[in-house]
Each structure stands twice: as C-alpha cells, then as structure tokens.
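Colleague: Construct all of the structure, not just a fragment, from the sequences and the given hints.
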Amino acid sequence: MANKIPRVPVREQAPAVRATNFEEVCYGYNVEEAQLEASRCLNCKNPRCMNACPVNINIPKFISEILSGDFKAAANTISEDSLLPSVCGRVCPQETQCEGSCILGVKGESVSIGKLERFVGDWTLENGDFGSAEGIVKNGKKIAVVGSGPAGLACAADLAKLGYEVTIFEALHKAGGVLAYGIPEFRLPKSKILDNELKKVKALGVKIETDVIIGRTSTIDSLMNDEGFSAVFVASGAGLPKFMGIEGENLNGVVSANEYLTRVNLMKAFSSEYDTPILVGEKTVVVGGGNVAMDAVRTAKRLGSDAYIVYRRGEEELPARKEEVHHAKEEGINFEMLTNPIEILSDDKGWVKAVRCIRQELGEPDESGRRSPQPIPGSEFEIECDSVIMALGTSPNPLIANTTNGLEKNRRGCLVADETLATTRKGVFAGGDTVSGAATVILAMGAGRRAAKSIDEYCKSL
Amino acid sequence: MNNFQIKERKDLAPSIVLMDVYSPRLANVALPGQFLIVVADEKGERVPLTICDYNREEGIVTIVIQAIGASTKKICGFKEGDCFRDVVGPLGNPSELVEKTDEELSSMNIMFIAGGLGAAPVYPQVRYLAERGIKAHVIIGAKTKGLVIMEKEFRKLTPNVHIATDDGSYGFHGLVTDLLKSLVAEGNKFDLVVAIGPMIMMKFAALTTKALGIRTIVSLNSLMVDGTGMCGACRVSVGGKTRFACVEGPEFDGHEVDFDQALRRGGMYRTLEQRCNEEHDHKCNIGGTGNGK
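Chains as they are written, first to last, in the numbering used here: chain V, 1 to 462; chain U, 463 to 755.
In case anyone wonders, no lab produced these hints; they're calculated from the structure. Don't take every hint at face value.
Quick list of in silico lysine-lysine cross-link-like pairs, DSS-like style, CA-CA up to 30 Å [stated by the list, open to error]:
{"no.": "1", "chain 1": "U", "residue 1": "K672", "chain 2": "U", "residue 2": "K703"}
{"no.": "2", "chain 1": "U", "residue 1": "K505", "chain 2": "V", "residue 2": "K242"}
{"no.": "3", "chain 1": "U", "residue 1": "K469", "chain 2": "V", "residue 2": "K207"}
{"no.": "4", "chain 1": "V", "residue 1": "K283", "chain 2": "U", "residue 2": "K505"}
{"no.": "5", "chain 1": "V", "residue 1": "K349", "chain 2": "U", "residue 2": "K672"}
{"no.": "6", "chain 1": "V", "residue 1": "K268", "chain 2": "U", "residue 2": "K535"}
{"no.": "7", "chain 1": "U", "residue 1": "K562", "chain 2": "U", "residue 2": "K597"}
Pair ranges (Cβ atoms, derived) [unchecked claim]:
{"no.": "8", "chain 1": "V", "residue 1": "K349", "chain 2": "U", "residue 2": "G636", "range": "26 to 32 Å"}
{"no.": "9", "chain 1": "U", "residue 1": "K643", "chain 2": "V", "residue 2": "K426", "range": "42 to 48 Å"}
{"no.": "10", "chain 1": "U", "residue 1": "G702", "chain 2": "V", "residue 2": "R370", "range": "31 to 37 Å"}
{"no.": "11", "chain 1": "U", "residue 1": "D544", "chain 2": "V", "residue 2": "K72", "range": "44 to 50 Å"}
{"no.": "12", "chain 1": "V", "residue 1": "A133", "chain 2": "U", "residue 2": "K614", "range": "52 to 58 Å"}
{"no.": "13", "chain 1": "U", "residue 1": "D473", "chain 2": "V", "residue 2": "A133", "range": "45 to 51 Å"}
{"no.": "14", "chain 1": "U", "residue 1": "A647", "chain 2": "V", "residue 2": "E227", "range": "53 to 59 Å"}
{"no.": "15", "chain 1": "V", "residue 1": "I342", "chain 2": "U", "residue 2": "K703", "range": "17 to 23 Å"}
{"no.": "16", "chain 1": "U", "residue 1": "N464", "chain 2": "V", "residue 2": "E382", "range": "30 to 36 Å"}
{"no.": "17", "chain 1": "U", "residue 1": "N464", "chain 2": "V", "residue 2": "S68", "range": "36 to 42 Å"}
Beta carbons are placed, not taken as given, at the ideal position from N, Cα and C, and that holds for glycine.
Modeller: Laid out in structure tokens, this is it:
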C-alpha cells in the first residue's frame, strides 16, 4: 500500500528567482510532508539502504520514528552513526548510496531518505538541542585534531564524548573546512546550519583554535613533544587545486574553483559589505563536471554572469550529484559536454578572451571502467568568455607530510594510513580527503569516527 | 594582552605604518623571509604582509603596512590597543640564508636592495646576518627623502647602508639599479643580491644583476586568499613552470621569474578607482609599494 503514494516533492525556490540570490535552493520538508514521505518506507527486513550508507545509519528505524512523530528518537538513531545529519541530508550523493539501493526505486521512486535525514537534523537544530558536556568524565588525555572539516569535527566530537580533552587546529580564520570555504550558501547555509553544527561540537567541550597552520605555526612534532598531546588526528583535507597545464592558464581572469568559492563562501565576496573582491565575468566558463564545478558555475550565475560548464566526458559521466546538475540546468546553466579546453586565449592586455576547445567522443572503457574521451581531429572551436574557472579536482596539501618526521605519503600525495587509520608515525592518525583524495562529506565523517575509535584504543594501550 | 592586539603603532612616513602585534604562536616560530596574513575585522579581507621583525620572548611580530587600497587603509587605521580579528602565519618558506651555515654566510658578500616598503621584509634578513657578525650591504630606495624608512635601524646593523632617491633629495640621485651599477663599478663584488620591493623594481633589479652576472633572489608579494596553497591566486611562472608563491615562495630566483606576467596578475583585482588613486599617489607622494593591495 505504502508505495502507492508518490514521492513527496520538496519545495524549492523558483529557478528564475534563486539564480539571482544566495538563499538556500531547497526548503526541505515540513512535519506533514516528512511524515507522509516516511509512510512510503517499506521497513524492509533486509534494508539495502543501510548497507549502501557509508556509515550504515539505521535508516528504516529513524524513518519509522519520524512516522510515529518521535523526532527526538529519530535524531538519536541517526546520531549513533552520523554527526552531521543536517549537512549530509543536504550534500550526500544519495542517488548512488541509500536512495540508489532503495527497493522502491526499482519500479518507481525511492524513498527521499536524504530529505528525511535533513528534516531530522534541522528539527534538532531548530529545537536548540545542542547537547552538552554534562556527564562526560574527563580522562585527562589531550588529543589534537588538525582541520575542522567533517572528518575533524566527527573525530573531535566522538573523542570528547569519551572524555578526552580535544583541540582542533584550523588553518583558516573560520572553522568548518570545506563546509565553510567550499560548499556555497545556497546549498549549505552557514549561519543556520554550519554554525549550529559547530556549536554542537563545541558544546561537548571541544576547543577550536583557528589561525593555526600545522606545518607552519606549529608542527605535529611540537604538538606531541612540547604541548603534551597524546595523539594527533590529521584531517587536513584535499585543498590543493589542480590546473590543466594548458597555454594561457595564468592569464588574468583564470582562477581555480577553490579561489572563486573561497572568496564567495568564506570571505562573502558576494556581499558588497565585505571587503574581499571577486571577478564577475560577463561570460564564465567552468571547466569540470563534479560538485565543485556545479557549485562554481551556479555561483557565477548568481553573481550575474552567463555561465557554462565545459566537461570532457558526456552527461552520463558527470561526477556531480544528479540533483545539482538538475538544479543547474533549471537555473539556466549551459552545458558543453564532450568538450575539452586546449588553450586559453588572451586579449591584448593579458585578460581571457576565449577558451579554445576540442570536441570529444567516448572510446573504450579505461582502467577506472569509465569510457575515456578521445579528441575528434579538426573539431576545434572557440568559446568567447572573459572568465574561466578551473574545477578539476584537488589533492592533499603536502605541508603536513613535509614537516612531520616519519609520516609517509603515497604517489598521489595522500597520507598513508592502515585500516585503523594509523599512519606510519606512532600516535598520528589520518582520515578523510587527506588519505582518500577528494571524496564526500559522509566518507570523511565516517573516517573521523573510525579514527576516534582507533585513537581511544591507542591511548588505552599506552 | 589579547591575541592579535596592537602593542605599538608608529607612523614611519606618510601612509606607512609600523605595528607590533601580539601573536605568540606566530612570533615563536617566525623566520626571516616569511609573511603573515591579517584579517582586520569580520568583514575584512585576508591581507598578506611581510614579517618585518619578531620578538619570541614577548610574543610580538612587527609588520609594516602602506595604506593603498581599502583593506590596507583599514588596517592602518587600527590604533594601539585595538585587536585585529586574525593574524595567521608564518607563511611561506624562510629566506634561503637561514638554511646556510654561518661559515657559508661569512664567505659571501651580500647586497640587499630594499625598494620603498621592501625595507620591512629586508630588515629581519639583515638582522639575522648581523647577529652572526656579517655586515651586509643595503640599498634603501625611495621616491624622496621623506619616504626612506628604517634607515636608523639598518645603520645599527651594518655600516654599509646606501640610500637612493628618485628626486635626489637624499643620498644617491637615481634608481636603485643605477646605484648598484655604480657600486659595482667602484670595485665592490657581490655574490648575491636580494631585491625586495615593488614588482617593477624587482624586475629591473633582476635585469641589472643578470647583466652583471650576480645571482639574485626576489620576494614576490603576489595576490592570495588563504596563503596556504589552497586558492592558487598567487601562481607565478618561474623558469617556465607555474609555482605557488605562498607555499613554494615567496622567494624565487629573480632571473627565472616572469615579471611581466606577475605585474599583470598583480593588477587583476584593482578597480578603476584604485588605479586612479595609485596614479595620483604616484605623482605626488607615495614611494614604492612592497606589499599589500
């Protein structure tokens, strides 16, 4: 019976309106909508959604708790496995995880698990339930966490609950890592969601010290030898932008997506009240097809630019979440698929005037299983534009590996860690993007929680 | 004392201000050649500034700022006792001089060329050498006498201080490059030149030393946001390769830097208004711009 109800649509800002502002696109479910959607869940005996969740949230349980109106219980169920439901409910690629394996999705539409998770997360924040350090018995041991992104926050929160005195060191002047500098306001509101999630972590007694760059302001060696930290968790993310290495990439008007998004998200350059400038082109070309590319192109659109995605593979291969691609299209973003830039052309003053591209076709699948694009000879053409944003992925910052004795990294620059997330240096653990390379919030959060367990075991063995 | 509080503030010249800022973690590890980032207030930009001096015991770092754009003017407007929202660093790699042994250093005759505000980042390097008994040469260049900064401080470190002013109001009448050439013509032999100042000065200093066959280090004050390698705004072509000034610099081989590209990129965020201001200042009173926007 339950599956006869169609998936409850979520209310959103109208595309034409939201393409001119930075307010959140999606309004989320209200109580009635959430409970109606929750009623669609079949409560499977063998819940495939739970297995497909990177942190194995007990999805049928929290959904049935929504249905019975016990939102507090639903929040507790999620919190057993996830620290950031408001965030993950918004940014997880549900279509390839929980929702992608929902049995309802085989013949119809899956349960809207992400929106339900978000509902529970937001309900908790709106009801001011930020938790407290009450009842936590301190064990007197100090742990340092490097980076205040999802991995760092999750690890810090878990360790604080276990009685550790945790300090997070953040290189930037605001906490949140990629949640603060990377993901735009229109997908993840900073004051409503991120600041409250940070409040929850601080309520557990976690100290966040901003403006401390481990590898410069201090080092892991110094934290362990001089400042009395028993263990360190490195969750410094993958913050180094990649460039293509093509001619013209250093022209004025070419920026990395990291720079563009940091100016807008962290420094609030979209508001004239803030001092940080941003270059807004009349026509912006964003190179790449991931979530960061979608964030950058939609940001450019909101700042008033005509905005294009140029991606070397086809639409099917776009690594971005389906929802982001869908939203981008609704907002009037142009997509040039199977197209690869080969050169950026300059005007007589050294500013971008066009991107020279070549059309591509998909060839045989490569080792990653994806069909690799091949350039079509003679298909070169130019896209006129005055702004180019490179969104080609990121790699871990080498600063920590380069300044810590005995910390190994692999060929891709990622820190080497075993299954317990222990690195090659005793007492130093690492997880999230700095180990995996750029991935998702939920995987980073899961890694943070696993590291907390390992660090606890390590400290007990000392 | 609060973190990032201004302990002392001094006007060095019109629009040029020196500040001692309490930042103990930073002061504890800063080395010559490195820089820091100041965020003045909640709405402020992240402004990179070179570290001019540091006092580990008192937890103080010294910065010198020239009021040019909106953000540097805001920073210069802070008074003694005020606190910046943030001071982050030290950033970048220390000067290569720090890597050398005292023996290696004393066998070298080193010339520093400090243009305008560039005197500030040159100072800790000359002090580092003076502490090892090495008397380096320093050329302080400015448009006019009133804009020569830190001369007294330099003279305490070395007897070899030379002044050049564009208008001849003090010291040598002419550009720093002309003074360098004349010192070499007088028979001075330099093994290394360290040139820090406005990009255009560094460009011509490097061209001059290339002709003279003297190895030259420059310190690039590129645009940047985070200063930790995240944004890539500071990328610069060195020897045909793209490098990030924030994490791979700020010092590079002056003979390898593509200065024309660096000059062009430096102007990327300059508004028309700022350009007008600078042209105006250029004509009437401001000397070199060592850093900031």
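Colleague: Hint by hint, say whether it matches the structure.
Modeller: To see whether the hints hold, each was checked on the structure:
no., hint, result
1, U/K672 <-> U/K703, "20 Å, holds"
2, U/K505 <-> V/K242, "29 Å, holds"
3, U/K469 <-> V/K207, "26 Å, holds"
4, V/K283 <-> U/K505, "28 Å, holds"
5, V/K349 <-> U/K672, "27 Å, holds"
6, V/K268 <-> U/K535, "20 Å, holds"
7, U/K562 <-> U/K597, "16 Å, holds"
8, V/K349 <-> U/G636: 26 to 32 Å, "31 Å, holds"
9, U/K643 <-> V/K426: 42 to 48 Å, "57 Å, violated"
10, U/G702 <-> V/R370: 31 to 37 Å, "33 Å, holds"
11, U/D544 <-> V/K72: 44 to 50 Å, "46 Å, holds"
12, V/A133 <-> U/K614: 52 to 58 Å, "54 Å, holds"
13, U/D473 <-> V/A133: 45 to 51 Å, "48 Å, holds"
14, U/A647 <-> V/E227: 53 to 59 Å, "55 Å, holds"
15, V/I342 <-> U/K703: 17 to 23 Å, "20 Å, holds"
16, U/N464 <-> V/E382: 30 to 36 Å, "55 Å, violated"
17, U/N464 <-> V/S68: 36 to 42 Å, "51 Å, violated"
When the structure is compared with the earlier hints, violations turn up for hints 9, 16 and 17 and for no others.
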